[in-house]
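Trainee: Here are the chains, one letter per residue:
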Amino acid sequence: MPTPIKIEFKNACKTFSNGTMVLNDFCLKVRQNESLVILGRSGVGKSVMFKVLLGLVYMNSGNVVAGGISVDDRKRRRQYLSQFSMMFQSGALFDSMTVEQNVSFGLTNRGISNATEIAREKLLAVELDQSAFKLYPSALSGGMQKRVALARAIALKPDIMLFDEPTSGLDPVTGSTITKLIRKTIDKLDLCCITITHDLNVANVIADRVALLDNGQIIWEDKVDALNNSNNPALQHFINPTQRTNASHKK
Amino acid sequence: MNLLANIGARTISMLVEAGKVAIFVSKGVWACCSWPLYMGELLKQMLNAGFFSIPIVGLTAVFSGMVIALQTYVGFAKFSGESAVATVVIVAITRELGPVMAGLMVAGRTSASIAAELGSMKISEQIDALEILGVNPFRFLVAPRILACLICLPLLTLLADVIGVFGGFLVGTTKLGFASRPYMTQTLANLAADDVICGLVKSACFGFTIAVFGCFYGFNSARGAKSVGEATTMAVVAACMGILILNYIVTAMFFGA
Numbered sequence: 000m001p002t003p004i005k006i007e008f009k010n011a012c013k014t015f016s017n018g019t020m021v022l023n024d025f026c027l028k029v030r031q032n033e034s035l036v037i038l039g040r041s042g043v044g045k046s047v048m049f050k051v052l053l054g055l056v057y058m059n060s061g062n063v064v065a066g067g068i069s070v071d072d073r074k075r076r077r078q079y080l081s082q083f084s085m086m087f088q089s090g091a092l093f094d095s096m097t098v099e100q101n102v103s104f105g106l107t108n109r110g111i112s113n114a115t116e117i118a119r120e121k122l123l124a125v126e127l128d129q130s131a132f133k134l135y136p137s138a139l140s141g142g143m144q145k146r147v148a149l150a151r152a153i154a155l156k157p158d159i160m161l162f163d164e165p166t167s168g169l170d171p172v173t174g175s176t177i178t179k180l181i182r183k184t185i186d187k188l189d190l191c192c193i194t195i196t197h198d199l200n201v202a203n204v205i206a207d208r209v210a211l212l213d214n215g216q217i218i219w220e221d222k223v224d225a226l227n228n229s230n231n232p233a234l235q236h237f238i239n240p241t242q243r244t245n246a247s248h249k250k
Numbered sequence: 000m001n002l003l004a005n006i007g008a009r010t011i012s013m014l015v016e017a018g019k020v021a022i023f024v025s026k027g028v029w030a031c032c033s034w035p036l037y038m039g040e041l042l043k044q045m046l047n048a049g050f051f052s053i054p055i056v057g058l059t060a061v062f063s064g065m066v067i068a069l070q071t072y073v074g075f076a077k078f079s080g081e082s083a084v085a086t087v088v089i090v091a092i093t094r095e096l097g098p099v100m101a102g103l104m105v106a107g108r109t110s111a112s113i114a115a116e117l118g119s120m121k122i123s124e125q126i127d128a129l130e131i132l133g134v135n136p137f138r139f140l141v142a143p144r145i146l147a148c149l150i151c152l153p154l155l156t157l158l159a160d161v162i163g164v165f166g167g168f169l170v171g172t173t174k175l176g177f178a179s180r181p182y183m184t185q186t187l188a189n190l191a192a193d194d195v196i197c198g199l200v201k202s203a204c205f206g207f208t209i210a211v212f213g214c215f216y217g218f219n220s221a222r223g224a225k226s227v228g229e230a231t232t233m234a235v236v237a238a239c240m241g242i243l244i245l246n247y248i249v250t251a252m253f254f255g256a
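Protein sequences appear in the order of chains X and L. Residue numbers for the first sequence follow numbering that gives the first Met the number 0, so the first one is 0 and each next one is one higher. Residue numbers for the second sequence follow numbering that gives the first Met the number 0, so the first one is 0 and each next one is one higher.
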């Protein structure tokens, strides 16, 4: 029996005031305990899709439901958002707070008394050195910032985790470490998880299922194993853009 | 036709902007009146808007007082009214120069800093992160800044009043040849509670304006360093304009009749 659906986009449409359509009748279902990776070129609206899911950007039409609550249900907004945690592309760590405070802030705000202890535990879980706990984000390397962002995201024990380009701006070795850390976290916490990236290595490690976003719609989706065997031309072009360019040059 | 269309478009865009500010103000006021109040943030903002503004406000006030004393003496000497220097200084400082100079100085310093800080937070997605953590950005970012400016501006104005009068006293007694005791007696005799209260009401309004425009333009900053710069400029310009307009409105309310 398949696990229940945790997130559902129902014909979501989003057009910006300058006329750019980013989501065009967008439909997507993500099941509980499933890790979905959405691939797509830069600027196709992957990050906007996350913002629509979180209700940070309003849709023109359609609906999004997560955990049985509609994103438009303003009365249950707090309950809706409490299901989510997100690791932002930029880290989005609070400049004015130390690493430890960044992680404990959300917990303190929810009235959890031992917030600092939990924060330290999570920072150790993401393999951050203890000497960095009292530092400010500006003093951290890109990889360390991503670790703190991950620790902050998992500290709230969310039902749904969102990862926005988790390895962007990192060197391949650090990127690979962060990717493995995310996979470990997903397995440990058994989460429903959506990752947006254009890095195929990330998709191969993190994903149970992969989808390709283009022109505001999901144009291909399948198990991660099918990623390299698909005949879908858009996916082939995304995976190996130089192949097509070389072919057209030869012609 | 093009000219008319341009005027129409600009009018509509101004009205839209005014509407956005009105909505932002109502959300900000609501955040100030509702729980939780982030005391740590409030103290931090009070330190930033109040304590660290003391040198600049003090310096402006002392020189304003000195200039007023000097100009009054030179001007009033033409009709033998030099003895009114102390009176003019106390009235001008408490009614106008104290609150307006403090307001403009804090607008330049604090409004710009608020807009730049919030603009940077906006483009680095820190404001979105707050929302996802279940923290209302208006309560955490806007309310402490509004309250800090509301509390600190009247205090800074009181300080500017004292320092400004001292500046006038300094010039009056050392350069213009007034005896210190009669000068102080005349100053205290012309110190009116209404003038001071009017100045404090003005400064509270100025504090609100400074914080609101700083937060508004910071929150609405677009992506990129250039946009943060533009937001900062707009915040200072709007706050200064707001201060000058409010200055007339409050003055008319107190002394118009």
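Wrong hints could be hidden among the right ones.
Claimed, not checked - Label-pair distances were calculated between CB atoms; the ranges are:
| hint | chain 1 | residue 1 | chain 2 | residue 2 | range |
| --- | --- | --- | --- | --- | --- |
| 1 | X | Glu116 | L | Leu190 | 48 to 58 angstroms |
| 2 | X | Gly42 | L | Ala17 | 45 to 55 angstroms |
| 3 | L | Ala17 | X | Asp221 | 46 to 56 angstroms |
| 4 | L | Ile55 | X | Lys9 | 50 to 60 angstroms |
| 5 | L | Leu42 | X | Asn23 | 20 to 30 angstroms |
| 6 | X | Thr2 | L | Ala221 | 58 to 68 angstroms |
| 7 | L | Leu14 | X | Ser130 | 38 to 48 angstroms |
| 8 | L | Pro54 | X | Glu116 | 19 to 29 angstroms |
Unchecked claim - 16 angstroms max Cα-Cα, derived EDC-like pairs, lysine to aspartate or glutamate:
| hint | chain 1 | residue 1 | chain 2 | residue 2 |
| --- | --- | --- | --- | --- |
| 9 | X | Lys50 | L | Glu81 |
| 10 | X | Lys156 | X | Asp128 |
| 11 | X | Lys187 | X | Glu120 |
| 12 | X | Lys50 | X | Glu164 |
| 13 | X | Lys179 | X | Asp158 |
| 14 | L | Lys43 | X | Asp207 |
| 15 | X | Lys183 | X | Glu220 |
| 16 | X | Lys50 | L | Glu40 |
| 17 | X | Lys179 | X | Asp94 |
For the record, the hints were derived by calculation from the structure and aren't laboratory data. Positions of the beta carbon are idealized from the N, C-alpha and C atoms, including for glycine.
Trainee: Could you check the structure against the hints above and give me the numbers of any it violates, in ascending order?
Mentor: Of the numbered hints given earlier, those the structure breaks are 2, 5, 6, 7, 8, 9, 10, 13, 14, 15, 16 and 17, listed in rising order.
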